[in-house]
Amino acid sequence: MKKVTKILAVLSIVLMFAGVALLPMKAFAEEGGEVSEEATVVSLEEGGSHLSTTAVKALAAALAIAIPAAVGALAMGIGVAKSVEGISRQPEASGKIQSLWMLGMVFIETAVIYALVVTIMIIFVL
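According to the numbering used here, the stretch in the sequence shown is residues 1 to 126, in order.
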């Protein structure tokens with residue numbers, strides 16, 4: 001259990017730093033204050049590496065939903081395993097265990113739905 005938590009912590013930190021490193025690329029892609037239509041197109045010719053606004057938004061949206069969904073799925077799996085283990089040890093407490101398990105699943109799923117809302121806002125509003 002501690003090993004899984006440590007791996008998740010390291011993975012989330014690495015993904016966070018990768019996101020922080022990739023998102024400002026668009027800000028430094030164009031020199032000068034003018035923004036042209038060509039600035040929104042990915043250009044890799046002549047040694048340039050410009051990311052479009054759409055590409056940055058897609059990357060941000062992918063990270064914004066992928067990380068919470070993965071962590072939520074792992075948390076749900078661990079919760080199911082622990083609740084089944086608890087029910088197998090104390091079958092008379094199965095009603096209480098099931099109700100608390102369901103409450104925990106609702107909270108986890110709510111966090112993932114919030115991430116989905118943030119992703120939709122990144123795609124359509126920003």
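It is possible that some hints are incorrect.
Once the Cα atoms are required to be at most 20 Å apart in a straight line, the calculated DMTMM-like pairs of lysine to aspartate or glutamate come out as [unchecked claim]:
#1 Lys2 <-> Glu85
#2 Lys82 <-> Glu92
#3 Lys82 <-> Glu109
#4 Lys96 <-> Glu85
Quick caveat, the hints were computed from the structure, so don't treat them as lab data.
Now the hints, each set against the structure:
no.	hint	result
1	Lys2 <-> Glu85	18 Å, holds
2	Lys82 <-> Glu92	16 Å, holds
3	Lys82 <-> Glu109	17 Å, holds
4	Lys96 <-> Glu85	14 Å, holds
Checked against the numbered hints listed earlier, the structure breaks none of them; every hint is satisfied.
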